[in-house]
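Asks: Sequence:
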Amino acid sequence: MADTDKPIRILTVDDHPLLREGIAGVISGENDMQLVGEACTGHEAIAAFRAYLPDVTLMDLQMPELNGVDAIVQIRDEFPAARIIVLTTYSGDVQALRALRAGAQGYLLKSSLRKELLDTIRAVVAGRRRIPPEIAAEIAEHVTDRDLTTREIEILKGVAAGNSNKRIAAQLSISEETVKTHVKSVLSKLDAHDRTHAVTIAIRRGIIAP
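For the sequence shown, UniProt numbering begins at 1 and goes up steadily by one.
It cannot be assumed that every hint is accurate.
Taking lysine-lysine and the DSBU-like style, the derived pairs with C-alpha atoms no more than 35 Å apart in a straight line are [claimed, not checked]:
{"id": "1", "residue 1": "Lys184", "residue 2": "Lys157"}
{"id": "2", "residue 1": "Lys180", "residue 2": "Lys166"}
{"id": "3", "residue 1": "Lys189", "residue 2": "Lys166"}
{"id": "4", "residue 1": "Lys110", "residue 2": "Lys6"}
{"id": "5", "residue 1": "Lys180", "residue 2": "Lys157"}
{"id": "6", "residue 1": "Lys110", "residue 2": "Lys189"}
{"id": "7", "residue 1": "Lys110", "residue 2": "Lys157"}
{"id": "8", "residue 1": "Lys157", "residue 2": "Lys189"}
{"id": "9", "residue 1": "Lys6", "residue 2": "Lys115"}
{"id": "10", "residue 1": "Lys184", "residue 2": "Lys166"}
Ranges of calculated distance between the beta carbons of each label pair, as one might list FRET restraints [said to hold, decoys possible]:
{"id": "11", "residue 1": "Gly127", "residue 2": "Lys166", "range": "52 to 58 Å"}
{"id": "12", "residue 1": "Gly162", "residue 2": "His193", "range": "17 to 23 Å"}
{"id": "13", "residue 1": "Ser188", "residue 2": "Ala81", "range": "38 to 44 Å"}
{"id": "14", "residue 1": "Thr196", "residue 2": "Val73", "range": "31 to 37 Å"}
{"id": "15", "residue 1": "Leu66", "residue 2": "Glu154", "range": "16 to 22 Å"}
{"id": "16", "residue 1": "Asp119", "residue 2": "Lys180", "range": "48 to 54 Å"}
{"id": "17", "residue 1": "Asn31", "residue 2": "Asp145", "range": "40 to 46 Å"}
{"id": "18", "residue 1": "Arg128", "residue 2": "Lys180", "range": "43 to 49 Å"}
It is worth saying that the hints were derived from the structure and are not from the lab. Glycine residues also receive a C-beta, built at the ideal position from the N, C-alpha and C atoms.
Let the sequences and hints guide you as you build the complete structure.
Replies: As structure tokens, then:
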């Protein structure tokens with residue numbers, strides 16, 4: 001998509017203006033890069049991609065209306081050659097794996113932007129993947145783990161919100177015994193000692209949002 005004689009055309013998608021300004025400042029000092037557009041929601045990202053056809057899109061994961069992973073899926077469905085780098089505050093392996101499966105070629109922690117952004121953009125344009133070593137190690141560590149089901153994640157979110165099994169059962173229109181069975185399965189899959197430990201692990205790995 002990129003021409004080596006032309007600057008790398010970049011679209012930034014993030015709902016925080018200060019972060020977008022910071023990225024613009026970093027890119028502005030590079031002769032081989034050009035910021036062509038900005039968006040602050042997933043829906044805006046899709047429209048902006050169609051309008052600008054950037055060489056690289058920098059995509060936040062947590063945004064209003066449509067999250068980054070779903071935006072990546074829609075963009076890649078329409079433009080299979082799209083190159084997308086995820087920018088996130090979350091280092092969890094589950095979040096990273098979702099983004100990579102959706103079609104992202106790079107994954108970058110916002111805390112590393114100033115140090116890693118430019119090299120990551122150039123690497124992805126050259127056809128390489130870029131994932132921080134600590135996240136790659138986390139993915140490798142959990143590669144054989146059993147995934148939580150959609151229902152188990154729903155129940156785990158209820159636990160994280162401080163709800164009892166009885167209240168979760170009422171909210172999901174299932175029996176309290178069914179909730180207990182799912183909680184037991186969640187503890188086993190996450191290798192957690194108790195409900196609180198399970199929530200802590202799930203947040204750290206990006207299974208549920210903090």
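Asks: Each hint: holds or not?
Replies: So, going through the hints one by one against the coordinates:
Taking the CA atoms of Lys184 and Lys157, the gap is near 15 Å; set against the 35 Å cutoff, the hint holds. At most 35 Å may separate the alpha-carbon atoms for a hinted pair to count; Lys180 and Lys166 meet this at roughly 9 Å. Distance hint between Lys189 and Lys166 is fulfilled; the C-alpha atoms sit about 22 Å from each other, no more than 35 Å. Straight-line distance between C-alpha atoms of Lys110 and Lys6 comes to about 27 Å, which keeps the hinted pair within the 35 Å bound.
Note on Lys180 and Lys157: the hinted pairing holds, with a Cα-Cα distance of about 14 Å set against a maximum of 35 Å. Between Lys110 and Lys189 the alpha-carbon distance is near 29 Å, which keeps this suggested pair within the 35 Å criterion. A hinted pair counts as satisfied when its Cα atoms are at most 35 Å apart, and Lys110 with Lys157 qualifies at roughly 25 Å. About 15 Å separates the Cα atoms of Lys157 and Lys189, which keeps this hinted pair within 35 Å; it holds.
Annotation: proposed proximity of Lys6 to Lys115 holds, straight-line Cα distance about 24 Å (limit 35 Å). With a CA separation close to 15 Å, the supplied pair Lys184 and Lys166 stays within the 35 Å bound. For Gly127 paired with Lys166, a C-beta distance near 53 Å keeps the hint of 52 to 58 Å intact. Under the hint 17 to 23 Å, the C-beta atoms of Gly162 and His193, about 18 Å apart, fit the expected range.
For Ser188 paired with Ala81, a C-beta distance near 41 Å keeps the hint of 38 to 44 Å intact. Range check, Thr196 to Val73: about 33 Å between beta-carbon atoms, so the 31 to 37 Å window is met. At about 20 Å, the beta-carbon gap between Leu66 and Glu154 stays in the expected band of 16 to 22 Å. About 49 Å separates the C-beta atoms of Asp119 and Lys180, a value consistent with the hinted range of 48 to 54 Å.
Taking the beta carbon of each, Asn31 and Asp145 are about 45 Å apart, inside 40 to 46 Å as hinted. For the pair Arg128 and Lys180, the beta carbons lie near 47 Å from each other, so the given range of 43 to 49 Å is met.
The structure agrees with every numbered hint stated previously.
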